[in-house]
Each structure stands twice: as structure tokens, then as C-alpha cells.
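A.B. asks: Given these sequences and hints, build the entire structure.
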Amino acid sequence: MHHLPLIFDTEIAKGKPENIRHPQHACPFCDRQQLTDILATENDRIWLLNKFPTLQATWQTIVIESSDHTGDISTYSSSQNRVVFAFAIKHWQATIASGRFKSVLLYKNFGPHSGGSLRHPHMQIVGLTAVDGYAKITAANLTGYPVMTIGPVAVTISDQPVMGFVEFNVTAPLTAIATLADAVQVVVRYLLHTYFQGRCDSYNLFVYPQDSQITVKVVPLFNVSPYYIGYQLTQADTPKRMRAIADELRQKFATATD
1 MHHLPLIFDT EIAKGKPENI RHPQHACPFC DRQQLTDILA TENDRIWLLN KFPTLQATWQ
61 TIVIESSDHT GDISTYSSSQ NRVVFAFAIK HWQATIASGR FKSVLLYKNF GPHSGGSLRH
121 PHMQIVGLTA VDGYAKITAA NLTGYPVMTI GPVAVTISDQ PVMGFVEFNV TAPLTAIATL
181 ADAVQVVVRY LLHTYFQGRC DSYNLFVYPQ DSQITVKVVP LFNVSPYYIG YQLTQADTPK
241 RMRAIADELR QKFATATD
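Once you know that position 47 of the sequence shown is 47 in the UniProt record's numbering, the rest is easy, because the numbers rise by one and skip nothing.
Just so you know, the hints here were simulated from the structure itself, not pulled from any lab data. Using N, Cα and C, we set each Cβ at its ideal position, and we do this for glycine too. Among the clues, some could well be false.
Under the rule of at most 30 Å between Cα atoms (straight-line distance), these lysine-lysine pairs were calculated in the DSSO-like manner [said to hold, decoys possible]: (1) Lys240 / Lys90; (2) Lys102 / Lys14; (3) Lys240 / Lys102; (4) Lys102 / Lys16; (5) Lys136 / Lys240; (6) Lys90 / Lys102; (7) Lys51 / Lys102; (8) Lys16 / Lys51; (9) Lys252 / Lys240; (10) Lys102 / Lys136; (11) Lys90 / Lys16; (12) Lys90 / Lys51; (13) Lys136 / Lys90; (14) Lys14 / Lys51.
Taking CB as the label site, the calculated pair distances span [as the list claims (entries may be wrong)]: (15) Thr138 / Gly15: 31 to 39 Å; (16) Tyr231 / His25: 16 to 24 Å; (17) Ser212 / Asp132: 35 to 43 Å.
C.D. replies: Right under this line is the structure:
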């Protein structure tokens, strides 16, 4: 099946601010009085149009998670993390329900290897006019080696990852967003502090709709494999390594605190 590429507008991209690799640069999300095109607010959470819509035939929006410039899922309290997820997922679901787009994506970049340009914690909701962003994603990509189950929430490590090597899946019904947020927080803290001897400084988070439930995929990021770049060949860890990672992560769940 042929898939149309997303068209990137380099002229618009020239003006984009950046302060991940240049932290001395100003942060547009901190200057809240200057924000425009706001779609919704809730306490210090803001959903607004992206001022730099670099992708053609899309509707690009930003979810500013917090007024704390250096905040992140890994540093939020449990209660704060829950409301961030609830806010983002509510507006993602509403955008899907609007019927305006062929598909609607919800994702997050964090860290210098994530593809993001701004440090301030945010997610992105993007409506794609003509492209199905989930066309290449299979059910097998969103499950895998079991880590643990917390009520209706299942945590797995992909044995058929989208890109590889390690991808964590947290699947939950839409009625259990708080528990899902808790589980994602444990995974993110594990990635940034324990996984690979603490050498991981970046991750992506992707949210996938699945009937009455959703899956959040958390992907630690280093350099992308040439096997994937050149041939779209995915690599996965050995079953032995997956078991070791699962054991480490279970210990984090067992000792998780707010």
C-alpha cells in the first residue's frame, strides 16, 4: 500500500523557536500573556494552535502541560500527572469526534534526541486531513511481553515494535485514565533514571485509539538505527533482555510513590 508523505514547509520552520540545545533562548510558553489562538484552558494547562504549522494539510495544536518550564511527567506529582493526561486525552478525543480529519494524533517529545525544539513540557494534537496516521500500526505493535497488570491497565514490552529496540505499551479503557497516567509515569521515571544505566535522556510518547480503550507507547530514544532509516527493518531485544527489563520495571512499580 502506498502512503502519502506529510509535506514539511521549510519556510515556516525557519522561524521556529528552539531552546533544547540552546537553553539560553527565550521560551514562548513561559510568556503566557503573549499566547494567542487559545482553544481551552484548565488551571495552568493550555490547549492552543501551533504558531508554526510546518506540516501541510494538517491542523497542528499544542497542549502546554504546566507553567513549570522544567517540568515533565517524571517530575510531576501523581495528581498533577493525572490531570495533564486527562486534559490532553479529552481534547484529543474531542478532535477525533469532530469528524474533521482522516486521523488525529496525540504525541509528546522530551529530550534532545526526541525531535522536539522546546524544553517547556507540552504534547501535540495534530489532525491529518488526508493521511491515516495509524495505517502502518498493527495490533501486534501495541502489545507484547507482559510486565504487569494494574486493575484494567496492562503494561507490556513490544516484541513486535514499530521502530525498536525497546517500546513500552500501557493499555487502558477510557474509564481508567488516572491509572494509565500513573503507569506511564512509572515507565518514564524508569527510562530516565534506571534504564541503560541512566544514560537515556529522551523519549517519545504516542497515544493510539483502540475502540473503547487506548494505548500509550513510550519509546526511549538514542540514535536511530540505520537498519530502520534505510530499510524500515525493526530490531527488538532478545527474550532474555526483555525479561530482565520487565523485572527491573516491576520493581519500580512495587516501590512507586507520589
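A.B. asks: Are the hints correct? Go through all of them and say.
C.D. replies: Status of each hint after checking the structure:
no., hint, verdict
1, Lys240 / Lys90, "violated (38 Å)"
2, Lys102 / Lys14, "holds (28 Å)"
3, Lys240 / Lys102, "violated (40 Å)"
4, Lys102 / Lys16, "holds (27 Å)"
5, Lys136 / Lys240, "holds (28 Å)"
6, Lys90 / Lys102, "holds (18 Å)"
7, Lys51 / Lys102, "holds (22 Å)"
8, Lys16 / Lys51, "holds (9 Å)"
9, Lys252 / Lys240, "holds (19 Å)"
10, Lys102 / Lys136, "holds (14 Å)"
11, Lys90 / Lys16, "holds (27 Å)"
12, Lys90 / Lys51, "holds (22 Å)"
13, Lys136 / Lys90, "holds (25 Å)"
14, Lys14 / Lys51, "holds (12 Å)"
15, Thr138 / Gly15: 31 to 39 Å, "holds (38 Å)"
16, Tyr231 / His25: 16 to 24 Å, "violated (36 Å)"
17, Ser212 / Asp132: 35 to 43 Å, "violated (20 Å)"
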